[in-house]
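Number of protein chains: 2
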Amino acid sequence: MSTTQLFAERGDKAQIEEGAAFAPKFDADGLIPAMAMDATTKEPLMLAYMNEESLRRTLELGEAVYWSRSRKEYWHKGATSGHVQKIVEIRTDCDQDALVLYVEQVGAGACHTGRGSCFYRSVDASDLASGAKLTFNSKDRAFDPESVYGKH
Amino acid sequence: MSTTQLFAERGDKAQIEEGAAFAPKFDADGLIPAMAMDATTKEPLMLAYMNEESLRRTLELGEAVYWSRSRKEYWHKGATSGHVQKIVEIRTDCDQDALVLYVEQVGAGACHTGRGSCFYRSVDASDLASGAKLTFNSKDRAFDPESVYGKH
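So the protein sequences, as listed, match chains A and B.
So the first sequence is numbered by UniProt numbering: it starts at 1 and just counts up by one.
So the second sequence is numbered by UniProt numbering: it starts at 1 and just counts up by one.
The set of hints was computed from the structure by calculation and includes no laboratory data.
Just so you know, not all the hints are guaranteed correct.
For chains that are exact copies, the list does not tell them apart, and a pair is met inside one copy or across any two.
[Claimed, not checked] Here are the computed lysine-lysine pairs in the DSS-like style, where the Cα-Cα straight-line distance is at most 30 Å:
(1) 133 - 13
(2) 133 - 25
(3) 133 - 86
(4) 86 - 72
(5) 25 - 72
Predicted, not measured: the structure shown is a model, and the values here were computed from it.
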């Protein structure tokens with residue numbers, strides 16, 4: 001299947017905002033941000049990016065496939081760790097330039113640091129004169145990253 | 001206060017991932033994505049972008065201030081509509097290149113189309129051979145955009 005058939009051409013503002021055609025907008029680098037959220041707990045897990053082909057693979061496979069900007073390659077989440085993200089629902093926003101993925105996170109967690117979510121720290125803005133600080137929401141790891149990602 | 005004092009310099013991987021210094025990474029355009037979520041319902045509201053100065057203003061004001069990429073100006077959300085987003089909590093991710101804002105959304109909704117959330121449509125992947133389609137989650141508007149945003 002060609003991606004031309006899978007995604008619609010970008011129409012006018014009314015078509016994009018009120019239409020039923022999925023016409024995702026990829027930025028100058030060909031990417032669209034995708035926020036993965038736990039479908040059950042609604043906790044944010046990670047924010048990553050997709051290009052047109054990885055979004056196509058995600059829809060066809062039913063599992064999240066990102067584009068790794070650092071490695072410049074397709075990134076089927078969980079291919080290494082087993083922690084795949086099964087797609088429960090994908091939402092897009094009014095101008096169709098962002099995605100929310102509700103996923104079933106298989107395995108212990110989404111974050112390569114061993115935590116369930118990448119968003120494990122909050123900004124402490126109580127003393128801005130001394131600079132913004134971070135506090136940990138979940139210091140404990142959900143899994144040992146060495147045992148999952150380490151070279152054997 | 002200078003932003004130099006407010007944010008830390010980017011350190012090494014361990015400092016960025018496991019440290020308490022807030023060293024947000026702004027991309028080549030000087031932006032960081034920020035996903036605003038309802039602090040009570042945990043529903044995603046909108047995804048927008050901040051530059052260093054708008055993030056500083058957000059922290060100092062306690063309300064979301066984005067950078068509008070289309071208008072190329074600071075965007076104090078709610079300045080026009082009254083629908084400000086009071087910051088309840090800001091989280092950042094492992095590599096500190098994305099933000100989640102848990103907000104108290106004042107007024108009827110976050111989306112300029114009149115809906116509570118910008119993410120009011122889901123991707124229907126049930127018949128990909130015919131193309132991906134969108135289905136509406138909340139067709140009904142939370143408010144009338146003309147009355148809120150219209151010229152008077």
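If the cutoff is 30 Å on CA atoms, where do residue 25 and residue 72 land: within, between, both or neither? Let me know, please.
both (20 Å within a copy, 19 Å between copies)
For the identical chains here, do residue 133 and residue 86 meet the 30 Å Cα criterion within one copy, between copies, both, or neither?
Answer is between; shortest inter-copy Cα gap is 19 Å, intra-copy 34 Å.
Treating 30 Å as the Cα threshold, decide for residue 133 and residue 25: within, between, both or neither.
Only across copies: residue 133 and residue 25 sit 15 Å apart there, 34 Å inside one copy, limit 30 Å.
What label fits residue 133 with residue 13 when the C-alpha limit is 30 Å: within, between, both, or neither?
between (40 Å within a copy, 17 Å between copies)
Up to 30 Å CA-CA - residue 72 versus residue 86, copy category:
within (23 Å within a copy, 37 Å between copies)
Of the numbered hints listed earlier, not one is contradicted by the structure.
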